[in-house]
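I would like the entire structure built from these sequences, with the hints used as guidance.
Residue numbers (this note's numbering), protein chains in the order written: chain G, 1 to 497; chain Z, 498 to 792.
Wrong hints could be hidden among the right ones.
Stated by the list, open to error - Chain Z residues, not near chain G, derived (Cβ > 12 Å throughout):
| no. | residue |
| --- | --- |
| 1 | Tyr558 |
| 2 | Asp567 |
| 3 | Arg599 |
| 4 | Gly637 |
| 5 | Phe644 |
| 6 | Ala663 |
| 7 | Ser719 |
| 8 | Asp731 |
To be verified - Below are the DSS-like pairs computed for lysine-lysine, each with C-alpha atoms no more than 27 Å apart in a straight line:
| no. | chain 1 | residue 1 | chain 2 | residue 2 |
| --- | --- | --- | --- | --- |
| 9 | Z | Lys512 | G | Lys296 |
| 10 | G | Lys299 | Z | Lys512 |
| 11 | G | Lys121 | Z | Lys603 |
To be verified - Residues on chain Z that point at chain G, a partial pick, calculated with CB under 8 Å:
| no. | residue |
| --- | --- |
| 12 | Tyr613 |
| 13 | Trp684 |
| 14 | Val758 |
Think of the hints as simulated: they come from the structure by calculation, not from any bench.
Cβ atoms here follow ideal geometry from the backbone N, Cα and C, with glycine treated the same way.
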Amino acid sequence: MSVAVMRQNNPIGRRSVTEHRNIYLAAGAAILLLLLMIPVIPWIHLTNPDALFDVMKLKASAIKKLQASYPVFTFLAFVQDSKQGILGLWSFILLLIAAATAVFHAWGIILFFSRKKIAAKKSLLGMYSRFQCGMLFSFLLAAGTLGLIFFANHHYGMQGFHAGFPVYVTLALSAAGYLSSKAMERKERILWHEHGFIEEVRRNWILFLFLVPCFVFFMINNYLPMVGIYFAFTQFNFRDSLFASPYVGFKNFEFLLHSEILHLTTNTILYNLVFIVAGNILQIFFAVLISQVANKYLKKVSQTMIFMPYFVSYVILRVLVFNMFEYDVGLINHFLTSIGRPKLDFYNTPSYWPWIITLFYLWKNIGYGMVVYLATITGISSEYYEAAEIDGANIYQQIRYITVPLLKPTFIILLLYALGGIMKGQFELFYQLVGNNGTLFSTTDIFDTYVYRITTTQPLSMGLGTAAGLFQSLFGFIVIMLTNFFIKRKNPEYALF
Amino acid sequence: MKIKDRSQAGFSVIKGVLLTILSVLCVLPFVVIVSGSFTSNQEIIRNGFSLLPRDFTVEAYKTIFRTPEDILQAYKMNAYYTGIGTALGLIIITLTAYVISRKEFKYRNTVSFLIYFTTIFGGGMIPWYLMYANVLNLRGTTLAIWFPALITPFLVILMRTFIVGAVPDAVVESAKIDGANHWRIFWQIVLPVLGPGLATVGLFQALGYWNDWYRSSMFSTSSRTWSLQFYLYDLVNSTQAMRQMAQYANVNTADLPTQSVKLAMSVVATGPILILYPFVQRYFVSGITVGAVKG
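As structure tokens, this is what we get:
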């Protein structure tokens, strides 16, 4: 094969000849768009402040804080200071889009400067798609700003706001940038025999059809509700319609920081740590024990019995716990009376509950983990044990030096999954055992029960509840990301994703 | 050698005894509930709960089924939620899992990640609640009670593992060469060999629906849509609250559902699961085992 033909077949070789001048235009556009978003460049101007403030019925003290024009990143300050909750959600979404825009542009630009290194190894499709995302978000940002201004003017019935020149520049520039990077991407695709979204839909339309119900479900159940994160920044009430409650910035978080967050966080994390540690130790113990028993019948029956509590609903658990720990007729107090000891008032004494909750968590969940470990033990080749026996190892030594070390990978996987959920509570467990018994909250309140209580009993604190939920979600998310990052660096086999 | 044998034998007896004790401890609470449900209420109040009924009576069950409308309604609703949720959820989960198991599907990793992402980040309970209650206005409908649990990310991943294990790539490839499209491959090749996977995922799904009380508590506006567990919860909770009040005020507790009735209700509500449990246990075990292996 001649060198020329090899060059022909290798896209990397061919591209160096056909590299586009357009790539500089796209990168330049991205840099310019990024510069236009710098928080000192005004995007939204107040056309006629005095008349507008009149319509908004603002007091002089509020007006003093307001400016004549706002950059895209700080318009929420205007919403907060002028108490115009109606503009809040829209401005909030614009802020999120602006953040996404900045990230994608910056990412694209970084890839642009390292494109020669990338191009030596693989296609530049990744860079083009970053550019496209950035351009798309830029366009959305500009269009959304215009939409917000139109909506606000319409709402107040007057020409109160107008867009600054950066909005129009962004609109035009991002459209041009998108089209040009799209054109480059197309050429690059042909080079690499790749295809785009539309071609994929044409080829596998049945697979896309299969995904429609799943898409609808996750949209309704998970992704659209994420918009509701905005409630965390409002003083929520049902009187103004759902999205028009006053925007209050980080006030809810400040309040939480001074009141609940510390003990909710420590409770949630401590309970989970105890669950993880005690749970795994017991699960391994049970699994090893079952695997050591020779009697097949006992093996089967005991596994069935230990696994059974997993199938019981938490409401039944509540009945059970109540019957055991109730003051008058409970099993334990009855027993204490019968041996002549004083009764214990469990339902009014917080210090007992961490023990009770942990006990019943273990009761319900040991079977599940035990099955996992048992499967691993069953998979261990019997040759190891035979060899150990010939070498004179007794049963304890076999467990200690063969079984337990070989359970380590399973343990690590389970541990990592559990660490990922360290901020998630066992809501049903806690709620069913403790319920709305306020005396016990000091040792039993976790994020999930706190938020549930607000949702069902204090509709006026929903902003606060959302803030607590958001804190929990973000904290958990960061823990997962960090865990995954370090695991991936140390041992990619164990990575969560 | 002889000594060693004897110590081994002694050890195996200890193991057996230990395991038996632990297993019995796990089942003990069930025994307390069942025996309590067969004990008369006076006996419970006088002598507390016990492990075996001291005076065997079916009075509590008679009380429940004297006016069976409420509990039958709750049973009916539970069967409805479990049936529709399991059937529909199973179809959607399997379709989704099939798509993300296909190597020729360009966006399979993106889709998998978007499904997984919902387990690591979300808007939280309140936005989720407001979505159904205020945006879609589904409060009081049965839809709000079964829809939100249709798909569990864990089950999608589990099902994908089952599909990858049951259907070799070569089979799908040759079917495609023979001119079958994905629709036919799914219904005529994948589904027929997916029995164990369908049973496992379906049972997990059914268990979740059968034991649910949470969505009934959030979205019900009348007791007609309550699931069985929430009906039981309400019964237990109202007696519990009344009893606590009775400690301080002079409330007549004679009309409240008695202890033994509550226990009998618990038995009735759990009954089907515990009866079916020995037969379906192996599917759960296989599901947990397969799910633990990272796919």
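Hints, one by one, checked against the model:
For Z/Tyr558, the non-interface assignment is confirmed: its Cβ lies about 16 Å from the closest Cβ of chain G, beyond the 12 Å cut-off. For Z/Asp567, the condition that its CB be more than 12 Å from all CB atoms of chain G holds, with the nearest at approximately 16 Å. The claim that Z/Arg599 lies off the interface is violated: its Cβ sits roughly 6 Å from the closest Cβ of chain G, which falls inside the 12 Å cut-off. For Z/Gly637, the shortest C-beta to C-beta distance to chain G comes to about 15 Å, beyond the 12 Å cut-off, and the non-interface label holds.
Its closest Cβ contact with chain G, about 8 Å, brings Z/Phe644 to no more than 12 Å, contrary to its assignment away from the interface. With a closest Cβ-Cβ approach of about 17 Å to chain G, Z/Ala663 is found to remain outside the 12 Å limit, as its non-interface label requires. Here Z/Ser719 stays apart from chain G, with its beta-carbon at least about 16 Å from theirs, past the 12 Å limit. With a least CB separation of 9 Å from chain G, Z/Asp731 falls inside the 12 Å interface cut-off, contrary to its annotation.
The straight-line distance between the Cα atoms of Z/Lys512 and G/Lys296 is roughly 13 Å, inside the 27 Å bound, and the hint therefore holds. As the CA atoms of G/Lys299 and Z/Lys512 are separated by approximately 11 Å, the hinted pair is consistent with the 27 Å bound. Taken as a hint, the G/Lys121 and Z/Lys603 pair is honoured in the structure, with Cα atoms around 21 Å apart against an allowance of 27 Å. Because the smallest distance between the Cβ of Z/Tyr613 and any Cβ of chain G comes to about 6 Å, under 8 Å, the interface hint for this residue holds.
Because the closest C-beta pair between Z/Trp684 and chain G is about 11 Å apart, greater than 8 Å, the hint is violated. The restraint placing Z/Val758 at the interface with chain G is violated, with a minimum CB-CB distance near 11 Å, outside the 8 Å limit.
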